[in-house]
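**Q** Line order of the protein sequences matches chains D and F.
The number in the working numbering is simply the position in the first sequence, starting from 1, with 1 added.
The number in the working numbering is simply the position in the second sequence, starting from 1, with 922 added.
Simulated from the structure, these hints should not be mistaken for laboratory data.
Backbone N, C-alpha and C fix where the C-beta goes; we use that ideal spot for every residue, glycine too.
Just to be clear, a hint being listed does not mean it is correct.
Unchecked claim - Chain F is nowhere near these chain D residues, computed Cβ spacing over 10 Å in every case:
no. : residue
1   : H8
2   : S29
3   : A30
4   : R44
5   : Q46
6   : A71
7   : S75
8   : T79
9   : E84
10  : L104
Unchecked claim - In the PhoX-like style, the derived pairs of lysine-lysine whose C-alpha atoms are separated by at most 25 Å in a straight line are:
no. : chain 1 : residue 1 : chain 2 : residue 2
11  : D       : K43       : F       : K929
12  : D       : K69       : D       : K59
13  : D       : K72       : D       : K59
14  : F       : K929      : D       : K38
15  : D       : K58       : D       : K69
16  : D       : K72       : D       : K23
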Amino acid sequence: GENVEQHPSTLSVQEGDSAVIKCTYSDSASNYFPWYKQELGKRPQLIIDIRSNVGEKKDQRIAVTLNKTAKHFSLHITETQPEDSAVYFCAASNAGGTSYGKLTFGQGTILTVHP
Amino acid sequence: SAVISQKPSRDICQRGTSLTIQCQVDSQVTMMFWYRQQPGQSLTLIATANQGSEATYESGFVIDKFPISRPNLTFSTLTVSNMSPEDSSIYLCSVAQGDEQFFGPGTRLTVL
């Protein structure tokens, strides 16, 4: 089955700096890669996703890149703000395949943005 | 995105008992899932709740421990049976809309 590795486990930045979180996956059949933000005591919220036919996607201050050959994808947050502090999870799935909808999650990254 | 609710939001239970968690969606969805999030950990898929048929369980999870019902396209239940302290976790349902997946607010379970 799919295995997703996520690094780093913790990340501390100053407000205004950029933050990068990286994930690798094992199953070459995976074709959908969402990122979730989970604030303390709350549900995971989908913040951005990318599909395997795209190399990069941006949404305001966040962007995701995908390298299918190397089987890794990354989340980039620019101009970080204290409200970006949360746990971020990457995930992978084979959307449309026999494992349709089944997400395999990375271990999570605790991002702390210091004012 | 769909509005997803879960009941109860939290519970404290005694070992050996069972708890049934409900997940309600405000629109019909084909795919519903149940995840477990142990304290300070990531999310692990327990099973896919199939409407009108038996749930599909992931490795390490069995029907006797986590029976699931899916009577229609807007509702599912997960039962945690014969609980032990190791079952203390947050249990979340999710629904798929296209490729995107959205989570319920979770049920925080503590087993004493």
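**Q** Work down the list of hints and note, for each, if the structure agrees.
**A** Structure-based check of each hint:
no., hint, verdict
1, H8, "holds (13 Å)"
2, S29, "holds (18 Å)"
3, A30, "holds (14 Å)"
4, R44, "violated (4 Å)"
5, Q46, "violated (8 Å)"
6, A71, "holds (22 Å)"
7, S75, "holds (18 Å)"
8, T79, "holds (23 Å)"
9, E84, "holds (20 Å)"
10, L104, "violated (6 Å)"
11, D:K43 / F:K929, "holds (15 Å)"
12, D:K69 / D:K59, "holds (18 Å)"
13, D:K72 / D:K59, "holds (19 Å)"
14, F:K929 / D:K38, "holds (22 Å)"
15, D:K58 / D:K69, "holds (14 Å)"
16, D:K72 / D:K23, "holds (11 Å)"
The structure shown violates the earlier hints numbered 4, 5 and 10.
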